[in-house]
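Enquirer: Listed below, chain by chain, are the residues.
Protein chains: 2
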Amino acid sequence: VAEPPGDPLADRYADRARAMTVSEVRALFAVAARPDVISLAGGMPFVQALPGDEVLRVVADVVGSQAAVALQYGPGTGHAGLRARLAGLMAEDGIEADPDHTVVTVGAQQALDLLGKLFIEPGDQVAVEAPSYVGALSAFSVYQPRYLQITMDDDGLIVDELEDALAGGARPKFLYVCPNFHNPAGVTLSLERRRRLVEVCRAAEVPIIEDNPYGMLRFEGEPLPALRSLDPANVIYLGTLSKIFCPGIRVGWVLASPPVIERLIRFKEAADLCSSNLNMLVAEAWLSEPERWRGSLTGLIDVYRSRRDAALSALQRYFPEGSRWTHPAGGFYVWVQVPGMDSRALLPSAVEHKVAYVPGTAFYPDGRGVDRVRLAYCYPPEDAIQEGIRRLGELVARPVAGAAAPGSVAR
Amino acid sequence: VAEPPGDPLADRYADRARAMTVSEVRALFAVAARPDVISLAGGMPFVQALPGDEVLRVVADVVGSQAAVALQYGPGTGHAGLRARLAGLMAEDGIEADPDHTVVTVGAQQALDLLGKLFIEPGDQVAVEAPSYVGALSAFSVYQPRYLQITMDDDGLIVDELEDALAGGARPKFLYVCPNFHNPAGVTLSLERRRRLVEVCRAAEVPIIEDNPYGMLRFEGEPLPALRSLDPANVIYLGTLSKIFCPGIRVGWVLASPPVIERLIRFKEAADLCSSNLNMLVAEAWLSEPERWRGSLTGLIDVYRSRRDAALSALQRYFPEGSRWTHPAGGFYVWVQVPGMDSRALLPSAVEHKVAYVPGTAFYPDGRGVDRVRLAYCYPPEDAIQEGIRRLGELVARPVAGAAAPGSVAR
Chain A
1 VAEPPGDPLA DRYADRARAM TVSEVRALFA VAARPDVISL AGGMPFVQAL
51 PGDEVLRVVA DVVGSQAAVA LQYGPGTGHA GLRARLAGLM AEDGIEADPD
101 HTVVTVGAQQ ALDLLGKLFI EPGDQVAVEA PSYVGALSAF SVYQPRYLQI
151 TMDDDGLIVD ELEDALAGGA RPKFLYVCPN FHNPAGVTLS LERRRRLVEV
201 CRAAEVPIIE DNPYGMLRFE GEPLPALRSL DPANVIYLGT LSKIFCPGIR
251 VGWVLASPPV IERLIRFKEA ADLCSSNLNM LVAEAWLSEP ERWRGSLTGL
301 IDVYRSRRDA ALSALQRYFP EGSRWTHPAG GFYVWVQVPG MDSRALLPSA
351 VEHKVAYVPG TAFYPDGRGV DRVRLAYCYP PEDAIQEGIR RLGELVARPV
401 AGAAAPGSVA R
Chain B
1001 VAEPPGDPLA DRYADRARAM TVSEVRALFA VAARPDVISL AGGMPFVQAL
1051 PGDEVLRVVA DVVGSQAAVA LQYGPGTGHA GLRARLAGLM AEDGIEADPD
1101 HTVVTVGAQQ ALDLLGKLFI EPGDQVAVEA PSYVGALSAF SVYQPRYLQI
1151 TMDDDGLIVD ELEDALAGGA RPKFLYVCPN FHNPAGVTLS LERRRRLVEV
1201 CRAAEVPIIE DNPYGMLRFE GEPLPALRSL DPANVIYLGT LSKIFCPGIR
1251 VGWVLASPPV IERLIRFKEA ADLCSSNLNM LVAEAWLSEP ERWRGSLTGL
1301 IDVYRSRRDA ALSALQRYFP EGSRWTHPAG GFYVWVQVPG MDSRALLPSA
1351 VEHKVAYVPG TAFYPDGRGV DRVRLAYCYP PEDAIQEGIR RLGELVARPV
1401 AGAAAPGSVA R
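As they're listed, the protein sequences go chains A and B. For the first sequence, my numbering assigns the number 1 to the initial residue and increments by one for each residue that follows. For the second sequence, my numbering assigns the number 1001 to the initial residue and increments by one for each residue that follows.
Read the hints as simulated data drawn from the structure, not as lab findings. Ideal placement from N, C-alpha and C gives every residue a C-beta, glycine not left out. Don't take every hint at face value.
Facing chain A, according to a computed beta carbon distance under 8 Å, are these residues of chain B, among others [unchecked claim]: (1) R1012; (2) R1016; (3) A1017; (4) V1047; (5) V1063; (6) K1117; (7) P1247; (8) R1250; (9) P1259; (10) V1260; (11) R1266.
Which residues of chain B face chain A? A few of them, derived with a C-beta cut under 10 Å, are [to be verified]: (12) D1007; (13) V1058; (14) A1060; (15) V1069; (16) T1105; (17) L1112; (18) L1118; (19) E1121; (20) F1267; (21) L1278.
From chain A, some residues computed to sit far from chain B (all C-beta separations above 12 Å) [what the hints assert, rightly or not]: (22) A87; (23) D155; (24) E192; (25) V200; (26) E220; (27) E289; (28) L297; (29) S313; (30) G322; (31) A329; (32) R344; (33) P348; (34) R368; (35) E382.
Sequences and hints are given; from them, build the entire structure.
Expert: Pasting the structure below:
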């Protein structure tokens, strides 16, 4: 980590400041912002597909008719009307949610921070999928845990591996999982594993944090039950409107048992007093007309499905033999493995060739994943996705100086 | 602190969860929300005085013409156009601010959380004014510091007392101060003390966190230079639009040296990825027409000055002999001492008599302040302020069962 030189406060910072490396997310933003680069890097929702006139009408209605509330401080728990709507959303996932057991957060990201704050002492063990959402690793790492990484396959987290680790004495404070259309892996936890996972975690008294940003963006197949619906007492559930509506209003939430919620509210208030009333009222209003938000969601799903198809067919066409990738049934990401590739070393030449991605190493706390990349197909149009994957395919097919020999590639 | 019973996770929480007591802020919201209670408790800005049509026009313009940005994720540092406007605001305070040394936060409250995270290890000492903003104490307390409390008088923090503590071996990680129209004390740090304070802190290598939410709400007299303008290298400056525009968009910011900013950005991204683009664009647009926002600010100042006058004349009229209170030249609060009063014990009967306030003890980490109350005159109209203070005056004039004897009142 490069540090600015000559910092007079260098010896004043808490240890956790040293645990924080330069943000991968920020570096990606800088690259993705260059208009000539095809970015398969950031997971930006394609908000252009939203019905702009309808959004404008909702926002203008809120400010026009509820200004005294919209412009004021709100409760730390979040606006009650919105929490009721969010409970309705969760009901679609088979979750019986009491709005009073829900806290509105600044995206689900803030819920991850608050949960890290609540559970993690330096040195505590937390269990995560390998790979895991980079933002969850950043949020937790502030609190200096040790990670227990559980491998995934095409059916999601390998529950046997978790069970073995628990039998071997692992005592994680919690398990963090993303069961639907995983970021970055693109896979979905199977029904059988969901049932096993909640049993194993309950028996071991390991609470589960279930992060479900993409669950409503299903392209095909039948929805699977949320972990929270299978074991309400032991699962903390995170949701967000960032992918089914828009991230610009920063509305996420957490559903948990009353003692956890009580503590999260205290931390939320200490962290930022309350979320934006304007944003919460806009979210509530958006969700108040089912035909509008469902129609808009159907449109988004159609866009993302076409882009997923474009990405998969381009991978088939342009990537070298021996490459493997997942087949996401929803969400934003496909996870690609090219044996022998050094995805970090390759990134500068990729950007030179006007295509960007996230190296696999970003999604593990320990440097694994060097032969993987995450490709996000959510934002660019189909032809750009295909051209970007064509450029990348050319690059990964070339031998890279200093690349590891195939035998040395980590699982 | 009452904890919910039967919590299966009770032994899983980090120590910092035990440091968090039930929120005073939340309790106040519940009381203030009752329409029959005159609330002199919460510091809610009187957003009804904003020009509603103008706000609506700004918000509709942003969504109508910049939807693809407003609805999208933004950079963790905050929207660049807004940071340029904020630098312009700080210039009015005599501060030369580089927008690149500024991070937009969710109100200034988030900046307090991020700074606590950056500096405080459990057991570290931090210096604060006594009394201090309750939200700053909440934000810092998450990180489990010990507090060095420096007393205030009518000229603000008593610099001699800080100097004595430093000479006696105190080594605080930072000093947190609110120099203008202090919350809760209503006093302003004198020019002479500002100059002394920055010298003393520089010599002792104690960085200053200067929190300035109310500085632009001056009713009379001349502005005093910001601490940041007196010693840019050693002062971290916090601002907010909550009081000069509105809190519903949750826009605050922090200005600091590049090494501190670099670290705050990492923590900000880990905490919530980014602030709301919609809110940041609304803030930028609001600040882009000086006549509009200055006109609106002048209107707000007139409202608050009248309410301050109403509060002070009512105190004069209705409070018992021996009471003392500050004379705020700006801001939201008057700080009242009634020797012998137990302000915590009195609160339930006050609410019964349909008036609310914040007991002085909320503003100290150690139970001091039992004979003080903070009265916020920002929200209720003049007649309600006077009636509220009349009711309160009646109550404090009565002997309270179990009240401390005058001799036992802490300074």
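Enquirer: Each hint: holds or not?
Expert: Here is how each hint holds up against the structure:
1. R1012: Check passed: Cβ of B/R1012 comes within 6 Å of chain A, closer than 8 Å.
2. R1016: Given a least distance of 7 Å, the restraint on B/R1016 holds.
3. A1017: Because about 5 Å separates B/A1017 from the closest Cβ in chain A, which is inside the 8 Å limit, the hint holds.
4. V1047: This hint holds: B/V1047 lies near chain A, its Cβ roughly 4 Å from the closest one there, short of 8 Å.
5. V1063: 5 Å, holds
6. K1117: This hint holds: B/K1117 lies near chain A, its Cβ roughly 7 Å from the closest one there, short of 8 Å.
7. P1247: With a minimum Cβ separation of about 5 Å from chain A (threshold 8 Å), the hint on B/P1247 holds.
8. R1250: 4 Å, holds
9. P1259: 4 Å, holds
10. V1260: Hint on B/V1260: holds, closest Cβ of chain A at ~7 Å, below 8 Å.
11. R1266: 4 Å, holds
12. D1007: 4 Å, holds
13. V1058: With a closest approach of 9 Å, the B/V1058 hint holds.
14. A1060: Where the cut-off is 10 Å and the nearest Cβ of chain A is about 5 Å from B/A1060, the hint holds.
15. V1069: B/V1069 check passes; min Cβ-Cβ to chain A is 8 Å, inside 10 Å.
16. T1105: 8 Å, holds
17. L1112: This interface hint holds because 8 Å falls under the 10 Å limit.
18. L1118: 6 Å, holds
19. E1121: 5 Å, holds
20. F1267: 7 Å, holds
21. L1278: 5 Å, holds
22. A87: 20 Å, holds
23. D155: 29 Å, holds
24. E192: Answer for A/E192: holds, closest chain B Cβ roughly 26 Å.
25. V200: Nearest chain B Cβ is 16 Å from A/V200, so the label holds.
26. E220: Label holds. Min Cβ-Cβ 27 Å, cutoff 12 Å.
27. E289: 17 Å, holds
28. L297: 15 Å, holds
29. S313: 27 Å, holds
30. G322: At roughly 35 Å from the nearest Cβ of chain B, A/G322 sits farther out than 12 Å, so the non-interface label holds.
31. A329: 24 Å, holds
32. R344: The assertion about A/R344 holds, with a minimum of 19 Å to chain B.
33. P348: 22 Å, holds
34. R368: 21 Å, holds
35. E382: 19 Å, holds
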